[in-house]
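Student: Residue numbers (this note's numbering), protein chains in the order written: chain A, 1 to 113; chain B, 1 to 111.
Source of the hints: derived by calculation from the structure; they are not laboratory data.
Remember, it's a predicted structure, so these values are computed and weren't measured experimentally.
Heads up, the beta-carbon is just placed ideally off N, CA and C, and yes, glycines get one too.
All the given hints hold, so there is nothing to weed out.
Straight line, CA to CA, 25 Å or less: simulated SDA-like cross-link-like pairs of lysine to any residue:
id	chain 1	residue 1	chain 2	residue 2
1	B	45	A	30
2	B	98	A	75
3	B	98	A	24
4	B	98	A	109
5	A	71	B	45
6	B	98	A	40
7	A	14	A	84
8	A	9	B	42
9	A	71	B	93
Here are some of the chain A residues that sit facing chain B, going by a computed Cβ distance under 7 Å:
id	residue
10	43
11	101
12	102
Under 7 Å between C-beta atoms, here's a sample of chain B residues computed to sit facing chain A:
id	residue
13	43
14	46
15	102
16	103
Chain residues, written in single-letter form:
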Amino acid sequence: DGGITQSPKYLFRKEGQNVTLSCEQNLNHDAMYWYRQDPGQGLRLIYYSQIVNDFQKGDIAEGYSVSREKKESFPLTVTSAQKNPTAFYLCASTKTGYTGELFFGEGSRLTVL
Amino acid sequence: RKEVEQDPGPFNVPEGATVAFNCTYSNSASQSFFWYRQDCRKEPKLLMSVYSSGNEDGRFTAQLNRASQYISLLIRDSKLSDSATYLCVVTTTSGTYKYIFGTGTRLKVLA
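Okay, chain A solo, but in the shape it has when bound:
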């Protein structure tokens, strides 16, 4: 079955450490997105990519980095520069140029100790 796989599902990190969240899709989608969700808030866009080797900052990119070396993969690194990284992180994808359904992975819950 096609879908988006995020890993790990739960991650604990000490302050000052970088962590990388994995996102892999086999839907053959061109566009991929990373969102952050905090309690009581809507999803906020961190980074997005419409094509391999290209990505754009979203609304809250500071303290995060991404890469898009393969169509299927869009990993997110939460760096030590991110002041409040504890959150629920969601990866999503959709076909470029198609304002249709945004497909989500199951999410990664990051807790900074």
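Go by the hints and put chain B onto chain A.
Tutor: Leaving out everything else, chain B in the frame of chain A:
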């Protein structure tokens, strides 16, 4: 003003009730509209797209009012399993398609 606004609720309704949510958006050039459902600590899942002519899927009806810039979701004959947060999503195009999420409306259906 937020780009997409929803009443956070919670809306507490008895089983079998009809409940309606509204969502307003600020950008008149918005293109596509969706309702997503999100269960606690899970990812959002598409409930339905919203078309200009309105659309219905079983107990769920979605409508779009471009003149007043809002979309609505009506749930008839509420079930316990309808308890969730309902997210309004709007897309705009500014070089790329951008999905903008409301904060969600929480629904609790009570036995």
